[in-house]
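Here is what each chain is made of, one letter per residue.
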Amino acid sequence: MNLTLKIWRQKDANSKGQMVDYKVTDISEHMSFLEMMDVLNEQLISKGEEPVSFDHDCREGICGMCSMYINGEAHGPDRGVTTCQLHMRMFNDGDTITIEPWRATAFPVIKDLVVDRSAFDRIQHAGGYISVNTSGNTQDANAIPIAKEAADKAMDAATCIGCGACVATCKNSSAMLFVGAKVSQYALLPQGQVEAADRVRKMVAQMDLEGFGNCTNTGACEIECPKGISLDNIARMNRELMKASV
Amino acid sequence: MALESKVPQGPLKDKWTDYKNKINLVNPANKRHIDVIVVGTGLAGGSASATLAELGYNVKAFAYQDSPRRAHSIAAQGGINAAKNYQGDGDSTYRLFYDTVKGGDYRSREANVYRLAEVSANIIDQCVAQGVPFARDYGGLLDNRSFGGVLVSRTFYAKGQTGQQLLLGAYSAMNRQIARGKIEMFNRHEMLDLVIVDGKARGIIARNLVTGEIERHSAHAVVIASGGYGNVYFLSTNAMGSNVTAAWKVHKKGAYFANPCYTQIHPTCIPRSGDYQSKLTLMSESLRNDGRIWVPKNMDDVIAIREGRKKPTDLSEEERDYYLERRYPAFGNLVPRDVASRAAKERCDAGYGVNATGEAVYLDFASAIERYGKEEAKVKGISNPSKEKITELGEKIVEAKYGNLFQMYEKIVDQNPYKTPMMIYPAVHYTMGGVWVDYNLMTTIPGCYAIGEANFSDHGANRLGASALMQGLADGYFVLPYTIGDYLADDIRTGKISTDLPEFEEAEKDVKKRINFFINNKGKNSVDYYHKKLGNIMWNKCGMSRNEAGLKEAIEEISALRKDFWENVSVPGGANEYNEELAKAGRVADFLELGELFAKDALQREESAGGHFREEHQTEEGEAKRRKEFQYVSAWEYKGEPKDAVLHKEPLVYENIEVKERSYK
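Here the protein sequences line up with chains A and B, keeping their order. Every letter in the first sequence is one number past the one before it in this note's numbering, and letter 42, counting from 1, is 42. Every letter in the second sequence is one number past the one before it in this note's numbering, and letter 77, counting from 1, is 77.
Hints are not guaranteed to be accurate.
[Unchecked claim] Think about it this way: if two alpha-carbon atoms lie no more than 20 Å apart in a straight line, the pair counts; the simulated PhoX-like pairs of lysine-lysine are:
no., chain 1, residue 1, chain 2, residue 2
1, A, Lys148, B, Lys649
2, B, Lys411, B, Lys380
3, B, Lys639, B, Lys649
4, B, Lys639, B, Lys252
5, A, Lys47, B, Lys513
6, B, Lys252, B, Lys584
7, A, Lys47, B, Lys380
8, B, Lys252, B, Lys649
9, B, Lys584, A, Lys47
10, B, Lys200, B, Lys31
11, B, Lys563, B, Lys533
12, B, Lys380, A, Lys148
13, B, Lys253, B, Lys512
14, B, Lys200, B, Lys253
15, B, Lys310, B, Lys297
In case anyone wonders, no lab produced these hints; they're calculated from the structure.
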């Protein structure tokens, strides 16, 4: 298929950016979206132009590196996928596709479609861990049985890949789904109880400090999350924060 | 230089404990004055960084990704082995050791493997304490599954995302230390050279991938944890950025590179669909617990399927060739990866491949769905369940076990694997070869260590499934943090290493020279053009099977391609900015050297062992044929051009295991 691409180009964090139009031809429907971008970049390089910068790495939907805002949706029109798993069969011949970076105050643009998500790391530094040293004589892994349901829910929360789609898609640029998922994972496990109150307070405080907005329950994040992280995690985080505050 | 493995004396089962008891320690007050650089933040680098920082060392960690959480360990799916024997099926440290040495086709170092098996149980304890949500049964205890090449269930897992959960565990341990200021994290940084001062590794030159700035970083020891080199094939299951550069730089500075030809071609990956393909996607080996691999028995059916006149589900049991079950009745679909891959290639080469390219076999879950459905009906007390009900119940169980993998498959291939068998084909996945290390995980450069996939040590010529995660975390949590102390004990009075030393200056100059060359060359071909060409040579001549003529051609072709690359490569953009093409150019330049050494190693090793299959050396049934005279590790010393590399041999001695013909029949 033949496509028109409207892509955000921005030289660096301090330059002004703009949308630029490109044409690509002979795109196979079996290509992934990023493979289509590879075709464009090879084309640009052969013409001596600078290729479009975008973040990507594992190309199998788990590293959380890729991050495009495609036709007004984080990771594009498909559900339950990252951009690297989005396939061109979701588009039609002759389509015009708009491609922008994640847009949020807390995610400044580095270049073109590449943004700085280190705010997420700093939230994790604030409390996204259980304080246990490596010793080789931690208690046996089966010493504390954990109800399957709790373990499964913790796992569901823990599948967050930290891509930032929740923030990009939220009209308030809220990071609550991301933070809620981490808080929930630990809150659901006995190992996470000791530091639970301190953890949720610190992580939420850091989240606010980074300039992420608040949650107004539109639920857009849950829909766009490539890993299907549930809004329940935000509710659980709020409960944990209440518990920690009384 | 003679290769000294430094394996401690004494009985196998006491070696590690006795050694740890006698090793030099650094007192906690002195650790504060010692810096350690860790390059790479996957399972090995992440766990090592966290543990070294917990012990009190000042750690500087480097990752080319924008966060340590994105290292490619995150993509490991199936699980992690540990000799816990929770299932009571007769597992033990010795059995895990035995399976790993046998699975590696008797080409790994006994003492290292035994230590790995010994610490495996600690890993699970540590991860559970960190809050890693492993799968559990209804009693709340940890669940296990089975992987290829073993007869017990010792694999712990978190759905099909075990690597992700373990890496996030290590990342969380790092975060705690970053918050304390004990780890200084350098994201979006790439190591471009090792700095050696007075014969010791004392720092690195790194490039800030955002600003392009070239930075000097000093330390008392440097740990390479940068993963494997599977991307030398261009197409692999590795991440796009996975590269050999850090490992190759230390090799060029004096670290021997061991067994480069030992590559794992994983049997169950999604087949390629076209020339534009940028990477291949793995379907976890855990699927072979429940999936049955087959191709049609009759060529007529193969043709009918390719032409779309028949569907795989139209074929009766009698019309299918479950070739692994036929050839290897004892292990069936759970033979080790090298064996399963070659068997798939054999069927496809014979013309039985089931897709348009002729390079695909089926992985079928219909029997598993039926079996689980019947079990579940019984559990739920449904008498005389209908066929539809059984299928519905069975699909739910299969979804709970492998849901994310099935979803991934459906998104890529656009077919529903619950209803029609998956199509799979082998793809490059892991490299057993790597930087040579001794028992302490130190390379032949004093103070330079290599851990995880970046080293060569534990998997011999073939790695068993779910053992990469085990080795990465064993090295990082439980081995390196102790062995490094023995070396650093001599450094307590050294003080901070200055980055103004001439050695830093010179290394920085070389790095800048190379970068400027790329920027100014203005050639006619892109970096990917060369990478794809190299990948083609590697896959066709150094792939699943190799022969003398092909390897000799590969050496010539790679050498010529490298020459062409240095004349005609084109890198757009500038040096002092975010420039992915520039980063890629440096990586491909190193792959072009490694590729030739790889072929040279494969040519020199005139035997078949594990993932290295030389057509000249096979049994009448087409199985790999080892040769006693090659029972050694090949460690290559850099001497300029890859063709001039000098071979050093570390003999492999097996005192605790009988070296036998490896059979899975």
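Cross-check of the supplied hints:
1. Between A:Lys148 and B:Lys649 the alpha-carbon distance is near 51 Å, which puts this suggested pair outside the 20 Å criterion.
2. Simply put, B:Lys411 and B:Lys380 have alpha-carbon atoms about 32 Å apart, too far for the 20 Å limit, and the pair is violated.
3. At most 20 Å may separate the alpha-carbon atoms for a hinted pair to count; B:Lys639 and B:Lys649 meet this at roughly 16 Å.
4. Distance check on the hinted pair: B:Lys639 and B:Lys252 sit about 8 Å apart at the alpha-carbon level, within 20 Å; holds.
5. Between A:Lys47 and B:Lys513 the CA atoms are separated by roughly 26 Å; this puts the pair beyond 20 Å, and the hint is violated.
6. Taking the CA atoms of B:Lys252 and B:Lys584, the gap is near 19 Å; set against the 20 Å cutoff, the hint holds.
7. For the suggested pair A:Lys47 and B:Lys380, the alpha carbons sit about 65 Å apart, so the restraint of at most 20 Å is broken.
8. For the hint pairing B:Lys252 with B:Lys649, the CA-to-CA distance comes to about 18 Å; that is within 20 Å, so the pair holds.
9. With a CA separation close to 19 Å, the supplied pair B:Lys584 and A:Lys47 stays within the 20 Å bound.
10. Taking the CA atoms of B:Lys200 and B:Lys31, the gap is near 19 Å; set against the 20 Å cutoff, the hint holds.
11. The hinted pair formed by B:Lys563 and B:Lys533 meets the criterion: a straight-line CA distance of about 13 Å does not exceed 20 Å.
12. Annotation: proposed proximity of B:Lys380 to A:Lys148 holds, straight-line Cα distance about 18 Å (limit 20 Å).
13. Annotation: proposed proximity of B:Lys253 to B:Lys512 holds, straight-line Cα distance about 17 Å (limit 20 Å).
14. With a C-alpha separation of about 11 Å, the suggested pair B:Lys200 and B:Lys253 falls inside the 20 Å cut-off, and the hint holds.
15. Restraint check for B:Lys310 and B:Lys297: satisfied, since their Cα atoms lie roughly 14 Å apart, inside the 20 Å limit.
Hint violations for this structure: numbers 1, 2, 5 and 7, all remaining hints satisfied.
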